[in-house]
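Participant: The chain contents come next:
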Amino acid sequence: EPEVTQTPSHQVTQMGQEVILRCVPISNHLYFYWYRQILGQKVEFLVSFYNNEISEKSEIFDDQFSVERPDGSNFTLKIRSTKLEDSAMYFCASSDRVSGNTIYFGEGSWLTVV
Amino acid sequence: GESVGLHLPTLSVQEGDNSIINCAYSNSASDYFIWYKQESGKGPQFIIDIRSNMDKRQGQRVTVLLNKTVKHLSLQIAATQPGDSAVYFCAEAPSGGYNKLIFGAGTRLAVHP
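Here the protein sequences come in this chain order: V and G. Heads up: the first sequence begins at 1 in the working numbering, then just goes up one per residue. Heads up: the second sequence begins at 1001 in the working numbering, then just goes up one per residue.
Check each hint, because a few of them may be wrong.
[Said to hold, decoys possible] Listed below are the simulated DSSO-like cross-link pairs for lysine-lysine, each with C-alpha atoms no more than 30 Å apart in a straight line:
#	chain 1	residue 1	chain 2	residue 2
1	G	K1056	G	K1071
2	G	K1100	V	K83
3	V	K78	V	K42
4	V	K42	V	K83
5	G	K1042	G	K1100
6	G	K1068	V	K57
7	G	K1056	V	K42
8	V	K42	G	K1100
9	G	K1042	V	K42
10	G	K1068	G	K1100
11	G	K1056	G	K1042
12	G	K1100	V	K57
13	V	K42	G	K1071
14	G	K1071	G	K1100
15	G	K1068	G	K1056
16	G	K1042	V	K57
17	V	K42	V	K57
18	G	K1100	V	K78
19	G	K1068	V	K42
20	V	K83	G	K1042
21	G	K1056	V	K78
22	V	K78	V	K57
23	V	K57	G	K1071
[Said to hold, decoys possible] Partial selection, computed: residues in chain V whose CB lies under 8 Å from chain G:
#	residue
24	G16
25	E18
26	K42
27	V43
28	F45
29	S48
30	E53
31	F91
32	T102
33	I103
34	Y104
35	F105
36	G106
In short, the hints are calculated from the structure, not lab data. Treat the numbers as computed from the prediction; the structure is a model and nothing was measured. Ideal Cβ positions, reconstructed from N, Cα and C, are used throughout, including at glycine.
Working from the sequences, and respecting the hints, build out all of it.
Facilitator: The following block contains the structure:
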């Protein structure tokens, strides 16, 4: 079964450093997403991406965050200057169209900011 | 405002029993609902979904019920197995835009032998 893959599985970074989380969505999917989950809390929407541009973003997704699809397969989330409160599990997800099709999630990248 | 919540934070059941996990939502504009299962250290795994023009949908050992009158969603798991132990999240999506899923707080299901 096709799956969304994410790297790294765990990253520890110092506060103020830049972090890039990488994702390979399911190959025929066109819609890509990042969600995050702070330990013990609910999963929260960050951003959706379609046709090489952001289609929607949440209030969490401020100027410190950016997304990019640098080639035909990767989808990245960059955090420019990490803060302690950015520590969370970051999930990449994809779907093949926006209208009610299943959104498949990756296994997540656990980010710890120290 | 929009919110999706779960009535019970933890549900303990005996292996072989049926499980019912409940969810309340407040956004009447939502028309697509999904149940996800999340095992420890893993990403949310799709279980079953339902659109607002339906009130029941069945999958393999799972049934989702939607009551739009009281804005209530439930997940029924038949013959619960140890492998069903996980946190279960309901999520809703607003009409016309399934980009942004709004997740509930989660219910932990513990299955005892």
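Participant: Compare the structure with each hint and give your call.
Facilitator: Consistency of the hints with the structure:
| no. | hint | verdict |
| --- | --- | --- |
| 1 | G:K1056 <-> G:K1071 | 14 Å, holds |
| 2 | G:K1100 <-> V:K83 | 24 Å, holds |
| 3 | V:K78 <-> V:K42 | 22 Å, holds |
| 4 | V:K42 <-> V:K83 | 20 Å, holds |
| 5 | G:K1042 <-> G:K1100 | 20 Å, holds |
| 6 | G:K1068 <-> V:K57 | 28 Å, holds |
| 7 | G:K1056 <-> V:K42 | 25 Å, holds |
| 8 | V:K42 <-> G:K1100 | 14 Å, holds |
| 9 | G:K1042 <-> V:K42 | 14 Å, holds |
| 10 | G:K1068 <-> G:K1100 | 20 Å, holds |
| 11 | G:K1056 <-> G:K1042 | 28 Å, holds |
| 12 | G:K1100 <-> V:K57 | 8 Å, holds |
| 13 | V:K42 <-> G:K1071 | 20 Å, holds |
| 14 | G:K1071 <-> G:K1100 | 19 Å, holds |
| 15 | G:K1068 <-> G:K1056 | 11 Å, holds |
| 16 | G:K1042 <-> V:K57 | 24 Å, holds |
| 17 | V:K42 <-> V:K57 | 17 Å, holds |
| 18 | G:K1100 <-> V:K78 | 20 Å, holds |
| 19 | G:K1068 <-> V:K42 | 23 Å, holds |
| 20 | V:K83 <-> G:K1042 | 24 Å, holds |
| 21 | G:K1056 <-> V:K78 | 41 Å, violated |
| 22 | V:K78 <-> V:K57 | 14 Å, holds |
| 23 | V:K57 <-> G:K1071 | 26 Å, holds |
| 24 | G16 | 27 Å, violated |
| 25 | E18 | 24 Å, violated |
| 26 | K42 | 5 Å, holds |
| 27 | V43 | 4 Å, holds |
| 28 | F45 | 5 Å, holds |
| 29 | S48 | 4 Å, holds |
| 30 | E53 | 12 Å, violated |
| 31 | F91 | 5 Å, holds |
| 32 | T102 | 5 Å, holds |
| 33 | I103 | 7 Å, holds |
| 34 | Y104 | 7 Å, holds |
| 35 | F105 | 4 Å, holds |
| 36 | G106 | 5 Å, holds |
Comparing the model with each numbered hint stated earlier shows that hints 21, 24, 25 and 30 do not hold.
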